[in-house]
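Protein chains in written order, with the numbering used here: chain A, 30 to 211; chain B, 75 to 327.
In case anyone wonders, no lab produced these hints; they're calculated from the structure. A couple of the hints might just be wrong.
List of simulated lysine-lysine pairs, DSS-like, C-alpha gap at most 27 Å [claimed, not checked]:
(1) B/K303 x B/K258
(2) B/K233 x A/K186
(3) A/K84 x A/K186
(4) A/K161 x A/K84
(5) B/K258 x B/K283
(6) B/K283 x B/K233
(7) B/K324 x A/K56
(8) B/K324 x B/K303
(9) B/K136 x A/K86
(10) A/K133 x A/K84
(11) A/K133 x B/K136
(12) B/K293 x B/K324
(13) A/K161 x B/K136
(14) B/K233 x B/K136
(15) B/K258 x B/K233
(16) A/K161 x A/K186
(17) B/K233 x A/K161
(18) B/K283 x B/K293
(19) B/K233 x A/K133
(20) B/K258 x A/K186
(21) A/K86 x A/K56
(22) B/K124 x A/K133
(23) B/K293 x B/K303
(24) A/K56 x B/K258
(25) A/K86 x A/K161
(26) A/K56 x B/K233
(27) A/K56 x A/K133
(28) A/K133 x A/K86
(29) B/K124 x B/K136
(30) B/K303 x B/K283
Label-pair restraints from in silico Cβ distances [stated by the list, open to error]:
(31) A/H140 x B/D246: 36 to 42 Å
(32) A/I171 x B/Q260: 24 to 30 Å
(33) B/S210 x A/R80: 52 to 58 Å
(34) B/E85 x A/L101: 44 to 50 Å
(35) B/P211 x A/H77: 27 to 33 Å
(36) B/A138 x A/D35: 20 to 26 Å
(37) B/R107 x A/T173: 19 to 25 Å
For each residue, glycine too, the CB sits at the ideal point set by N, CA and C.
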Amino acid sequence: MTHEIDLEAVVGRFYTSLYRFALSLTKNEAEAGDLTQQTFFILAQRSHQIRDSSKVKCWLFTTLRREFLRALRVQSSHPHVEFRPEIHDGPSISPDALRALDAKAVIDALHQIEPTYRTAVELFYLSELSYKEIAQTLEIPIGTVMSRLSRGKEQLKAILAAAISENSDKIIPLKRDEEAAH
Amino acid sequence: MKKPRTEITNESAKFVLNAYRPNGADAQDPVFRVALEQAARDPELAAWFKEQRSFDSLIADKLAEIQPPANLYSAILAGIANRSPIRRSNLRPLLALAAVLILSGAILLPFYLESLSTSKSIEQYQRANLTMLSSSPAPSLDLVTADFSRTQEYLAEMKAPCIPFLPGSLLDLPTAGCKSLHWKGQEFSLTCFRLPSGELLHVFVIDEKAFRSINVGDKFREMDGWHVKCQRRAGMLLMFVSRASMAEIKQFI
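All chains, full assembly: derive it from the sequences and hints.
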């Protein structure tokens with residue numbers, strides 16, 4: 030279906046999730062703001078080329094990622110990825126421990142996922158894109174998206190479990206001190 | 075005839091269900107149907123899926139706590155305001171106007187070419203702005219507000235150019251206000267930001283078409299006691315001017 034894009038409505042609908050995605054890529058609030066602005070600016074320039082307004086969401090995330098990569102001047106090819114069998118039973122994390130983490134800790138954990146899997150996981154959580162939309166955004170087959178989500182999420186669990194365990198080791202045993210004082 | 079039941083291994087079901095979004099938006103997607111049916115039958119898979127969805131929801135909720143800077147929305151709208159596509163309904167009058175302009179252009183071309191020989195240079199533009207900023211009493215702003223979005227709304231109303239792209243570090247700075255200006259028949263704008271030291275950072279914006287040729291460096295330079303930098307963005311020429319220390323300015327630009 031072809032119809033004109035209401036730019037202001039598109040900005041209002043997507044700028045928050047785009048900013049979050051940009052922040053996960055750059056880890057820098059100022060750069061994330063720049064990248065988000067740049068993406069919408071490109072949309073304003075090229076909106077007449079987008080014939081199907083239902084594709085705007087994928088287009089925005091694709092463009093933001095391209096702009097990020099362009100800024101990085103990534104010239105190397107994709108890193109070699111060792112094949113490993115699928116593992117779906119990673120460490121179990123208690124929901125209470127997860128709730129105790131702040132958003133920054135989760136962003137940091139996302140950043141530690143292997144780059145090959147990371148973007149698919151970020152798009153899944155930050156923008157709530159479907160596996161089909163992630164495939165379209167990253168220009169990869171659907172099966173590859175599922176594989177990256179599967180492996181990336183297992184890595185995320187392992188990273189978070191390690192972070193939670195590290196934090197819990199730092200807790201000072203107050204009770205023991207109190208007992209010693211008495 | 076009874077429909078044959080499709081079975082997949084739990085490992086295959088987990089592989090597929092990893093892509094199932096925590097908000098339930100994929101409930102009607104047939105790709106997940108077989109895996110969901112398997113989860114309904116198999117308690118071990120059901121437990122795994124429940125735990126996975128809980129994990130996914132918590133991660134998505136945590137990330138949803140991240141909020142963009144307060145001025146980002148206004149900055150985006152200001153940026154695209156300068157480059158909004160031409161609406162179809164506006165084409166007819168624009169075409170008529172274009173025809174008039176072409177005719178006028180043919181008549182006025184010799185005069186225009188003559189005027190180019192004494193054309194506006196960026197140097198002249200910069201000097202004019204610095205003279206204005208240094209004048210005593212200082213020029214007054216049209217609108218005094220700390221709200222960046224209000225400055226850009228005002229400039230848009232006055233048909234003056236908005237800031238097409240605000241460096242991310244400036245998004246959190248309050249503004250002092252803005253002013254709509256004219257220079258040799260060309261509209262341009264001034265938006266002033268308050269730096270933490272109390273000094274102002276002035277941002278002039280003018281359509282780059284105002285100049286025959288543009289050659290600006292990418293660094294700040296000293297002019298009449300001011301730190302000055304010009305930057306081309308989105309068809310506009312931005313001129314940053316401040317008397318703050320370079321160390322402070324560099325934190326923001």
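Going through the hints against the structure:
Simply put, B/K303 and B/K258 have alpha-carbon atoms about 21 Å apart, close enough for the 27 Å limit, and the pair holds. A C-alpha spacing of about 53 Å is found between B/K233 and A/K186, which places the hinted pair above 27 Å, so the restraint is violated. A hinted pair counts as satisfied when its Cα atoms are at most 27 Å apart, and A/K84 with A/K186 does not qualify at roughly 31 Å. This hinted pair checks out: A/K161 and A/K84 have alpha carbons roughly 12 Å apart, not beyond 27 Å.
Note on B/K258 and B/K283: the hinted pairing holds, with a Cα-Cα distance of about 13 Å set against a maximum of 27 Å. The hinted pair formed by B/K283 and B/K233 meets the criterion: a straight-line CA distance of about 16 Å does not exceed 27 Å. Between the alpha carbons of B/K324 and A/K56 the distance comes to roughly 19 Å, so the proposed pair stays at or under 27 Å and holds. Our distance criterion of 27 Å between C-alpha atoms is met by B/K324 and B/K303, whose separation comes to about 11 Å.
At roughly 22 Å between alpha-carbon atoms, B/K136 and A/K86 fall within 27 Å of each other, so this suggested pair holds. Distance restraint check for A/K133 and A/K84: the Cα-Cα separation of roughly 30 Å exceeds the 27 Å cut-off, and the hinted pair is therefore not satisfied. A threshold of 27 Å between alpha carbons decides the hint, and for A/K133 with B/K136 the separation of about 9 Å falls inside it, so the pair holds. Taken as a hint, the B/K293 and B/K324 pair is honoured in the structure, with Cα atoms around 10 Å apart against an allowance of 27 Å.
Distance hint between A/K161 and B/K136 is fulfilled; the C-alpha atoms sit about 24 Å from each other, no more than 27 Å. With a CA separation close to 42 Å, the supplied pair B/K233 and B/K136 exceeds the 27 Å bound. In summary, the hint linking B/K258 to B/K233 is supported, as the alpha carbons are separated by about 16 Å, within the 27 Å threshold. With a C-alpha separation of about 23 Å, the suggested pairing of A/K161 with A/K186 holds against the 27 Å cut-off.
The suggested pairing of B/K233 with A/K161 is violated, with an alpha-carbon distance near 43 Å, which exceeds 27 Å. Only pairs whose Cα atoms come within 27 Å are accepted, and B/K283 paired with B/K293 is accepted, the gap being roughly 22 Å. Proposed proximity of B/K233 and A/K133 is contradicted: the alpha carbons are some 41 Å apart, above 27 Å. Distance check on the hinted pair: B/K258 and A/K186 sit about 63 Å apart at the alpha-carbon level, beyond 27 Å; violated.
A hinted pair counts as satisfied when its Cα atoms are at most 27 Å apart, and A/K86 with A/K56 qualifies at roughly 22 Å. At roughly 25 Å between alpha-carbon atoms, B/K124 and A/K133 fall within 27 Å of each other, so this suggested pair holds. Annotation: proposed proximity of B/K293 to B/K303 holds, straight-line Cα distance about 6 Å (limit 27 Å). Taking the CA atoms of A/K56 and B/K258, the gap is near 44 Å; set against the 27 Å cutoff, the hint is violated.
Pair hint A/K86 plus A/K161 holds up; C-alpha atoms about 12 Å apart against a cutoff of 27 Å. For the hint pairing A/K56 with B/K233, the CA-to-CA distance comes to about 37 Å; that exceeds 27 Å, so the pair is violated. Of the supplied pair hints, the one linking A/K56 and A/K133 holds, its CA atoms being roughly 9 Å apart against a limit of 27 Å. A threshold of 27 Å between alpha carbons decides the hint, and for A/K133 with A/K86 the separation of about 25 Å falls inside it, so the pair holds.
Note on B/K124 and B/K136: the hinted pairing holds, with a Cα-Cα distance of about 18 Å set against a maximum of 27 Å. With a CA separation close to 18 Å, the supplied pair B/K303 and B/K283 stays within the 27 Å bound. Distance hint for A/H140 and B/D246: a CB-CB separation of about 23 Å, inconsistent with the stated range 36 to 42 Å. Under the hint 24 to 30 Å, the C-beta atoms of A/I171 and B/Q260, about 53 Å apart, miss the expected range.
A hinted range of 52 to 58 Å holds for the C-beta pair B/S210 and A/R80, which are about 57 Å apart. With their beta carbons about 36 Å apart, B/E85 and A/L101 fall outside the hinted range of 44 to 50 Å. Judged by the Cβ atoms, the range 27 to 33 Å given for B/P211 and A/H77 is violated: they are separated by roughly 47 Å. Range check, B/A138 to A/D35: about 24 Å between beta-carbon atoms, so the 20 to 26 Å window is met.
At roughly 21 Å, the beta-carbon separation of B/R107 and A/T173 lies within the given 19 to 25 Å, and the hint holds.
In the structure shown, a violation is registered for the earlier hints numbered 2, 3, 10, 14, 17, 19, 20, 24, 26, 31, 32, 34, 35, in ascending order.
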